[in-house]
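Heads up: the sequence shown is residues 3 to 295, going by the working numbering.
These are computed hints drawn from the structure, not numbers from a lab. Note that beta-carbon positions come from the ideal geometry of N, C-alpha and C, so glycine has one too. Check each hint, because a few of them may be wrong.
Here are the in silico distance ranges between beta carbons for each label pair [unchecked claim]: (1) 213 / 83: 44 to 52 Å; (2) 148 / 85: 25 to 33 Å; (3) 55 / 147: 29 to 37 Å; (4) 25 / 213: 48 to 56 Å.
Straight line, CA to CA, 25 Å or less: simulated PhoX-like cross-link-like pairs of lysine-lysine [to be verified]: (5) 42 / 87; (6) 74 / 98; (7) 87 / 131; (8) 98 / 26; (9) 42 / 73; (10) 42 / 12; (11) 74 / 42; (12) 87 / 98; (13) 26 / 104; (14) 73 / 104; (15) 12 / 26; (16) 42 / 98; (17) 131 / 98; (18) 131 / 104; (19) 99 / 131; (20) 42 / 99; (21) 87 / 104; (22) 42 / 26; (23) 131 / 26; (24) 99 / 74; (25) 87 / 74; (26) 104 / 74.
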Amino acid sequence: MVWDAIFGRKELVHTLQEAVRQGKTAHAYLFSGPEGIGKKTMAEALAAALNCQYPELAGCGSCPSCLAAGKKIHPDIHWLGPEGKSVRIEQIRAVKKYAHLKPRQGRFQIFILDQADTMTLEAANSLLKVLEEPPAGTVFILLASRPGDLPETVCSRCQHYPVGRMDLNSTAELLRYCGLAAAADSAWEIMLRAEGIPARILQLADEKGRAEQVQKAAAFLAGLPKLARISEQAAVLAGEENLPALLDDATLILRDVLLLQTIPQSGMMLSGGDRGVLERLAGTWPPAACRRA
Numbered sequence: 003m004v005w006d007a008i009f010g011r012k013e014l015v016h017t018l019q020e021a022v023r024q025g026k027t028a029h030a031y032l033f034s035g036p037e038g039i040g041k042k043t044m045a046e047a048l049a050a051a052l053n054c055q056y057p058e059l060a061g062c063g064s065c066p067s068c069l070a071a072g073k074k075i076h077p078d079i080h081w082l083g084p085e086g087k088s089v090r091i092e093q094i095r096a097v098k099k100y101a102h103l104k105p106r107q108g109r110f111q112i113f114i115l116d117q118a119d120t121m122t123l124e125a126a127n128s129l130l131k132v133l134e135e136p137p138a139g140t141v142f143i144l145l146a147s148r149p150g151d152l153p154e155t156v157c158s159r160c161q162h163y164p165v166g167r168m169d170l171n172s173t174a175e176l177l178r179y180c181g182l183a184a185a186a187d188s189a190w191e192i193m194l195r196a197e198g199i200p201a202r203i204l205q206l207a208d209e210k211g212r213a214e215q216v217q218k219a220a221a222f223l224a225g226l227p228k229l230a231r232i233s234e235q236a237a238v239l240a241g242e243e244n245l246p247a248l249l250d251d252a253t254l255i256l257r258d259v260l261l262l263q264t265i266p267q268s269g270m271m272l273s274g275g276d277r278g279v280l281e282r283l284a285g286t287w288p289p290a291a292c293r294r295a
């Protein structure tokens, strides 16, 4: 299903799916919320569902239309956004011209306007005219971080759906879905720091996972005998799930340790390891050992 990558918005997803199944879709939608909340993901799913070859499934995710939508190559799904700092009237005029054409493959011509709240007043007024008299078979999807910056006349012509923040369960589901199962154990902490915003959740989870991975590699090095070769010690980590990555990190750490030993003031650290940890390793791994490892 095209909705599978959306977590924690069950009520909104159900509402949109039912509208597609029953053929009761609006001619214009407005998804609002802070940057990174998932407005684009919601728009992508809705656009794919509207042109799915199996309307009763409301976005099967596997038909040619859904696959094309997922790759952003569907001829009837059009994306536009600011040119520079604003969405300009020339862009809206071009949209209006295409909006009166019949769909080439799907049931709808769909125009997704990202950062709609950056429209100039002239652009907004031009869009308003087509929203007031929408061409048959055309759907507009507006995305806005600051919907209050849009003219009320434009908002009133759209079905407005604020995209809510994620809770603990949906945060854990998202992390597992994205292959970050280890970070799911810290879902509560990550959710709070990210304020329930999916893009920030994934960023923090990636940073946390990276920090833990480097810490594990540093601990591995600290426990090795002097003058050991890293590759020869792999046997002691035979059960390690991600052994190649750990050995790569250990090699990067030793590169940083060697750099600290030769150029103490250097800021060119590649491993991402804590400087204090690197300095302690520098006291136990002489330069010759770092090079040999």
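Hints versus structure:
1. 213 / 83: 44 to 52 Å: violated, 34 Å
2. 148 / 85: 25 to 33 Å: violated, 19 Å
3. 55 / 147: 29 to 37 Å: For residue 147 against residue 55, whose Cβ atoms are near 33 Å apart, the range 29 to 37 Å holds.
4. 25 / 213: 48 to 56 Å: Roughly 50 Å apart at Cβ, these two residues keep to the hinted range, so it holds.
5. 42 / 87: holds, 19 Å
6. 74 / 98: Since the Cα atoms of residue 74 and residue 98 sit roughly 21 Å apart, the hinted pair holds (cutoff 25 Å).
7. 87 / 131: This hinted pair holds, its Cα atoms lying about 23 Å apart.
8. 98 / 26: Satisfied, since the Cα-Cα distance of roughly 23 Å is no more than 25 Å.
9. 42 / 73: At roughly 14 Å apart (the allowed maximum being 25 Å), residue 73 and residue 42 satisfy the hint.
10. 42 / 12: holds, 17 Å
11. 74 / 42: Status holds; Cα separation ~12 Å.
12. 87 / 98: Answer holds: residue 87 to residue 98 is near 21 Å, not above 25 Å.
13. 26 / 104: Holds - the C-alpha atoms of residue 104 and residue 26 are around 19 Å apart, at most 25 Å.
14. 73 / 104: Distance ~22 Å between residue 73 and residue 104 Cα, so the pair holds.
15. 12 / 26: This hinted pair holds, its Cα atoms lying about 19 Å apart.
16. 42 / 98: holds, 22 Å
17. 131 / 98: holds, 9 Å
18. 131 / 104: Holds. Residue 131 to residue 104 sits at ~19 Å (cutoff 25 Å).
19. 99 / 131: holds, 13 Å
20. 42 / 99: The hint holds at about 24 Å.
21. 87 / 104: violated, 31 Å
22. 42 / 26: It holds: about 22 Å lies between the C-alpha atoms, which stays within 25 Å.
23. 131 / 26: holds, 22 Å
24. 99 / 74: Answer holds: residue 99 to residue 74 is near 21 Å, not above 25 Å.
25. 87 / 74: holds, 23 Å
26. 104 / 74: holds, 19 Å
Going down the numbered hints, you'll see the structure goes against 1, 2, 21, while the others check out.
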